[in-house]
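Top line first, the protein sequences correspond to chains L and H. Quick note: the first sequence uses my numbering, first residue 1, plus one each step. Quick note: the second sequence uses my numbering, first residue 1, plus one each step.
Take these hints with a grain of salt, some might be off.
[To be verified] Derived coverage of chain L by chain H (criterion: at least 3 residues anywhere in the stretch with Cβ under 8 Å from a Cβ of chain H; other residues may be distant):
1. 195-201
2. 214-223
3. 251-265
The hints are simulated quantities; they were obtained by calculation from the structure and are not laboratory data. C-beta: ideal position from N, C-alpha, C; glycine also.
What follows is each chain in one-letter form.
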Amino acid sequence: MSTSTPSLFQVRGLSKHYPVRGLLPFGRVKAWVKAVDGVDFSVNEGETFSLVGESGCGKTTTARMLLLQEQPTSGNIYFDGDDISQLKGKKLGQYRSSVQAVFQDPWSSLNPRKRAGAIIAEPVRINKTFPKQEILGRVDQLLIDVGLEPAAANHFPHEFSGGQRQRVAIARSLVVNPRLIVLDEPVSALDVSIRAQIMNLLMDLQAKYGLSYFLIAHDLATVRYMSHQVAVMYLGLMVEQAPSELLFDQPLHPYTKALISAALSVKPGVQHDRIVLSGEVPSPMDPPSGCRFHTRCQSAIARCSVEAPRLQQLTPEHSVACHLY
Amino acid sequence: MESEPIIQVRELKTHFYTKRGVGRAVDGVSFDLHRGETLGLVGESGCGKSMVCLSLMGLNPKPASRVIGGQVLLHGEDLLLKSKTEIRKIRGKVISMILQDPMTALNPVFTIGNQLSEPLRIHQKLSGKKLRRRAIELLRMLNIPEPEGRLASFPHQFSGGMLQRAVGAIALSCNPEVIIGDEPTTSLDVTIQAAYLDLLKKLQQQFNQANLLVTHDFGVVSRMCDRVAVMYAGKIVELAQIQPLFDKPAHPYTEALLRSVPMVDEKVTRLYSIDGQPPSIYEHSLGCAFASRCSYARDRCRSESPPSVQLAPGHTVSC
Chain L
1 MSTSTPSLFQ VRGLSKHYPV RGLLPFGRVK AWVKAVDGVD FSVNEGETFS
51 LVGESGCGKT TTARMLLLQE QPTSGNIYFD GDDISQLKGK KLGQYRSSVQ
101 AVFQDPWSSL NPRKRAGAII AEPVRINKTF PKQEILGRVD QLLIDVGLEP
151 AAANHFPHEF SGGQRQRVAI ARSLVVNPRL IVLDEPVSAL DVSIRAQIMN
201 LLMDLQAKYG LSYFLIAHDL ATVRYMSHQV AVMYLGLMVE QAPSELLFDQ
251 PLHPYTKALI SAALSVKPGV QHDRIVLSGE VPSPMDPPSG CRFHTRCQSA
301 IARCSVEAPR LQQLTPEHSV ACHLY
Chain H
1 MESEPIIQVR ELKTHFYTKR GVGRAVDGVS FDLHRGETLG LVGESGCGKS
51 MVCLSLMGLN PKPASRVIGG QVLLHGEDLL LKSKTEIRKI RGKVISMILQ
101 DPMTALNPVF TIGNQLSEPL RIHQKLSGKK LRRRAIELLR MLNIPEPEGR
151 LASFPHQFSG GMLQRAVGAI ALSCNPEVII GDEPTTSLDV TIQAAYLDLL
201 KKLQQQFNQA NLLVTHDFGV VSRMCDRVAV MYAGKIVELA QIQPLFDKPA
251 HPYTEALLRS VPMVDEKVTR LYSIDGQPPS IYEHSLGCAF ASRCSYARDR
301 CRSESPPSVQ LAPGHTVSC
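Build out the structure end to end from the sequences listed, making use of the hints.
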C-alpha cells in the first residue's frame, strides 16, 4: 500500500462511448452511451484493486478494455510503462498472456465438450509459452495448486461442482504465468460455503505467485475481504478511491456512504443510520448535469447540479469527486 | 408472537423419483409460522429450501417429485389433502409468493396492469373502475412512480428494482396472510435491495402478515428475520430466534457458515472455509448428512441420524 510499490497498470482518462443508432444499421448516431467517461487509476504489483458500483456503472466495460476486448474511445492504458494500444506482434502476445480473466459463471465459461486438462492447457498451446512436453506436467501442478487432484484433468466440466469448476477456470488463467488476473464477480455464482474456499484460494495464489488482481464485485463484504485498493464508480465516473480499510472506515462520497450503509451487516441488531437511496440509477445515455449523483444525493447543494466535481486528492491516498470536500 | 401459528408444517417430505433413484429434496421438515413474524429459511443451493416453499403451495414439479408425507396445516386444515380447485382459492389469496427473478416471474407479453389485475379479478371479483383504482393503489403502496401511466407498461419497460416491486404488488394484491419470498432480492443491486427489504418489512408490519423468507444471504437474514431455520440436505438442522442463532450457533454447520461469511463492518484476516461440498440429494447417509464436512464429527455421527433436541425454548438443533 506504500507509494513505493511499483504500479503495474496506469490508466489515464479512459473512456468508452457506445453509439446509439436509429433503426437502420448505418443510421445516424442519435446519442452516445457513456459507459466509461474518463477514469484514472493504477493497479499496483501484487495487490488487489477493486471496482464497486451498481450494475451499469461501467465496471465490466473498464475490465474489458484492460483485456483488449474493447477499444477505448479515448484515454490510455499503460502496462509496465507501455501503452497497450501501441503493442504489436510478440509484445502484444506477451501482454495478452500476462493479463488473464476469471469470469462469474463457471457453467458458461468452460467449454462443455473439452476435458479439464485440455481447457487448462489451451492458453499455453496458443501462446506456446512452454514446450509441448512440459504442458502435461504444468497442468498437473496447477490442478494441485488450485486444490484439485491431477486426475481431474480427465473429467469434463459437467462432472465438477460449481466450486470445482471455478477452480478449473482459475487454473486456466494461471497457466500462462500472468501478472494480473481480472476477476469479474468470481464468487457471486457460488454457494456461501464454497465462496470462502475460493476467496481463500485466490488470496493464497496471490501470495504464492505475487499476482495482481483487478476485482469487480458488487458484494462489498467480498471486496473488503480481498482488496488493497478500492475505487467506487457511478455512471461511468470514479467518485472515490482509497485503500480498502480507509474507504470502509471513513467513506467520504455520499454515494460510497450509501453503498456501504446499504450493504447488509451479518450481525443482527447492528443498526447504524441507514441511507436509503431513492430512485434508480439514471440512464448513462442522458446523465444528469453537474455531479451525476446529485439526483439521488441527500447532501446535494445548488452547485452540484451545475458544476461537475473533479476527482481530487484529499490525502495522497484518498481521492474523492464531490463538492463537499 | 405467542399467537396460534397460521401455518404448521409437520414432517414434510418431498422426494424426487428419477432414473438416478430417489432424491430426498425435503426430508422431514417441521416448523410453525406465526402472524407478524418473518421466518428465514437459510441454506446452500440444493438443500431443499425452495422445494419446501413450492411444496407448501402444491407447486412442486410433477410428476418428477411427490410430497410423500407430512402435513401442511393452514389454520388447522391440511393443504396437502385439498383438491386442485380448493388450493387455487388459497394460492395468491391467503398465501402468495415472490420469486427470485422478476424478469421471468412476469409474462413479457402482458402489461403490468393486466398481470396485477388478474388476482384481483379472480379472488376479489373486482372489475371496471374499482379494479383499476385498487391496482393503482397497490403500485403506489410499493413506491412505483406515476402508477396511473405505469399500468399500461410492459415488463421490459421497467427496471429490475421496479419490476420486483411490481411483483411485490401482485403478491400483496389480495392482502394475503402469508407471503413466501424465494430469494426476493438476489437479482437486485445492493442499494435497490436495501430499499426493497425496508419496504417489505414496513408492509409486513402494516398488514401483520407472516413472511417465510428463503435466502442464502446472512445479511438479509439479520436485517429481516425474527427466527431462522438453517437447512442442510433436506432437513432443518437448527431453528432459533435470530439473536441466539448468531451469538451461539449450536449446530457445527451453522457455526461454520457464519464464520465463512466476510463482513462489511470489520476486517477479517482469514475466512474459515468449510471443506468439501454439500451432498447430493441422491446420496443417503445413515448418520448426520454433515458428518463428512464437520470438524467435530464422531463415529456416532456417521451411523445415527441425530434427533432434534430442544436447547432452550424456541431453539432446537439436530446434532
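Hints versus structure:
no.: 1; hint: 195-201; in the structure: holds (count 5)
no.: 2; hint: 214-223; in the structure: holds (count 5)
no.: 3; hint: 251-265; in the structure: holds (count 8)
Checked against the numbered hints given earlier, this structure breaks none of them.
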